[in-house]
Amino acid sequence: MTAPKGYVAVKRYDEIPEGGIVPFRVDDDERILVKLEGEIYALSGICTHEYAELAEGELEDHVIYCPLHGSGFDLKTGKVTSLPATEPLPVYDIQIVDGVVYVSREPRQG
Amino acid sequence: MAGRRSCVILGGGVAAYGAAEALRAAGFDGPVTLVSAEPVVPYDRTTLSKAYLQGQKTVEEILFKPAAYYQELGIELRLGQRASAVDFDRRELLLEPGERLPFDTLLITTGAEPVRLRLPGFNLPGVRYLRSLADAQALREDLSRAERVLVVGCGFIGAEVAASARTLGKQVTVVDPLPVPLAGPLGEEVGAILAEVHRRHGVELRLGQKVAELRGHRRAEEAVLERGERIACDLVVVGVGVRPAVALFQSSGLPLENGILVDEHCATDIPGVYAAGDVANWWHPGIGRRLRVEHFDNAAQQGAAAARAIAGDPRPYTPVPYFWSDQYDLNLQYAGYPGPWDQVVLRGDSAAPSVTAFYLRQGVVEAVVTVNRPRELRPGRRLVEARARVDPAVLADPSTDLRALAQSVRQAE
Chain A
796 MTAPKGYVAV KRYDEIPEGG IVPFRVDDDE RILVKLEGEI YALSGICTHE YAELAEGELE
856 DHVIYCPLHG SGFDLKTGKV TSLPATEPLP VYDIQIVDGV VYVSREPRQG
Chain B
3 MAGRRSCVIL GGGVAAYGAA EALRAAGFDG PVTLVSAEPV VPYDRTTLSK AYLQGQKTVE
63 EILFKPAAYY QELGIELRLG QRASAVDFDR RELLLEPGER LPFDTLLITT GAEPVRLRLP
123 GFNLPGVRYL RSLADAQALR EDLSRAERVL VVGCGFIGAE VAASARTLGK QVTVVDPLPV
183 PLAGPLGEEV GAILAEVHRR HGVELRLGQK VAELRGHRRA EEAVLERGER IACDLVVVGV
243 GVRPAVALFQ SSGLPLENGI LVDEHCATDI PGVYAAGDVA NWWHPGIGRR LRVEHFDNAA
303 QQGAAAARAI AGDPRPYTPV PYFWSDQYDL NLQYAGYPGP WDQVVLRGDS AAPSVTAFYL
363 RQGVVEAVVT VNRPRELRPG RRLVEARARV DPAVLADPST DLRALAQSVR QAE
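Protein sequence lines correspond, in order, to chains A and B. My numbering runs 795 ahead of the 1-based position in the first sequence. My numbering runs 2 ahead of the 1-based position in the second sequence.
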């Protein structure tokens, strides 16, 4: 089984718990996978405000909240929903092939 | 409608930033002018006592957005311009040195000002307050030359400045009249935990004590406490609270009482005039009383709420107030309604510390504080938001899953 071009395999879909936040790395880049209502989202794992691991954060209404200062990011777009962060969180594209979740190497543009 | 309505935002803090962004996001297409007495675009004031003071961030790094961003939004910036008067009948602001700036709608986000101590010697050089970037620049400069720092007042500003000064290797003494730091907002239990953290980091605490006077020749060199103790210092930082910045409105006809009185849509009694942030004393319909909150998150969100009301999409502003404080490597977060409580329930390890505190009034969870336990903040906040009644023993029990508890409370509503 080969990864789609520009994508890396991360985890089997079934191994990600509903409502779970799973940290992973692509090279030295910390990222997270989120499963919510069956959908998978992939985002940068580090808050854009100050260094904080979003894998330790909380999900509420399709927003992931930074554990340290409450910055909120929309899971789908990475857009800031609450300060203190002002820069969006990079989001990555997902493909699921044969039950395996693949994540794009490069962030989605715009 | 004859022409597009204009909006003037008076003030340049996070409430102004939140409002500027939200006005355009809500489709307000009239002219917007942001007038700030500070000569810089809105920035993150919360960094001034922490990362900025410690030299870990530059001015550019604490700006929310560069000036070009406001240009993109079509927002005119009037920086370094102070308003000297307001005329609500003619609907214009008087800017120094004499310009008249008309407005259709006015959003007041003038914030708060540090309370100045009027004790002997506090007018000496070497006494600093911290509110603005200019204050922080001056303090950073002084701090680089100081060895012995005296912090007067152990509220959030005092506690964070003390932590930053210790982190920079200074000798630090903190004087506060209360028996523990931050006893007012956080209570004696959490205050005692914070006191221990500061002691462990080498801060000299003089609690339950007051400064009587400062002495010095050209600069403050020594503090004398009311009990007679003398403390040598070469820098004094005062953090004894703030009061709403309403001087401009004293005889303007705008209803004032502990700030500017506004309703749940941030509107004052004067049509088209709104207030948000530290200066606004607003009616919170969710809890049926007025609140005035002196924290970043409220200012950001209330600025945005006022902007939506101005843009024609008013929604009641009913937040659970939230703030954080970082001191050394300690992270504290608070979500809840300030005010009296009759029981504090602690969960976790006070010595580490890794603690969550719940503040209950008549059995209802009014507030939650996490100390180095960030994952419990949002579940705790959900309990506050639900006005939940929870058995204190269940809250204190470390085996209670707070997320599941919050979920069950939500579903029971």
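Please note that the accuracy of each hint is not assured.
Stated by the list, open to error - Here's a subset of chain B near chain A, in silico, CB distances under 7 Å, partners left out:
#1 F66
#2 Y71
#3 K172
#4 A302
#5 T320
#6 Y330
#7 P376
If you are wondering where the hints come from, they were derived from the structure by calculation, not from laboratory data. We put the beta carbon where it would ideally sit given N, CA and C, even for glycine.
Outcome of the hint check:
1. The criterion of a C-beta within 7 Å of any C-beta in chain A is met by F66/B, whose closest approach is roughly 5 Å, and the hint holds.
2. The interface hint given for Y71/B is broken, as the beta carbon of that residue sits about 9 Å from the closest beta carbon of chain A, more than 7 Å.
3. The restraint placing K172/B at the interface with chain A is violated, with a minimum CB-CB distance near 23 Å, outside the 7 Å limit.
4. Using the Cβ-Cβ criterion of 7 Å, the hint placing A302/B at the interface with chain A is satisfied: the shortest such distance is roughly 4 Å.
5. The criterion of a C-beta within 7 Å of any C-beta in chain A is not met by T320/B, whose closest approach is roughly 15 Å, and the hint is violated.
6. Taking 7 Å as the C-beta cut-off, the interface hint given for Y330/B is violated, the closest approach to chain A being about 14 Å.
7. Checking P376/B against chain A by beta carbon gives a least distance of about 4 Å; that is within 7 Å, so the hint holds.
Checked against the numbered hints above, the structure violates hints 2, 3, 5 and 6; every other hint is satisfied.
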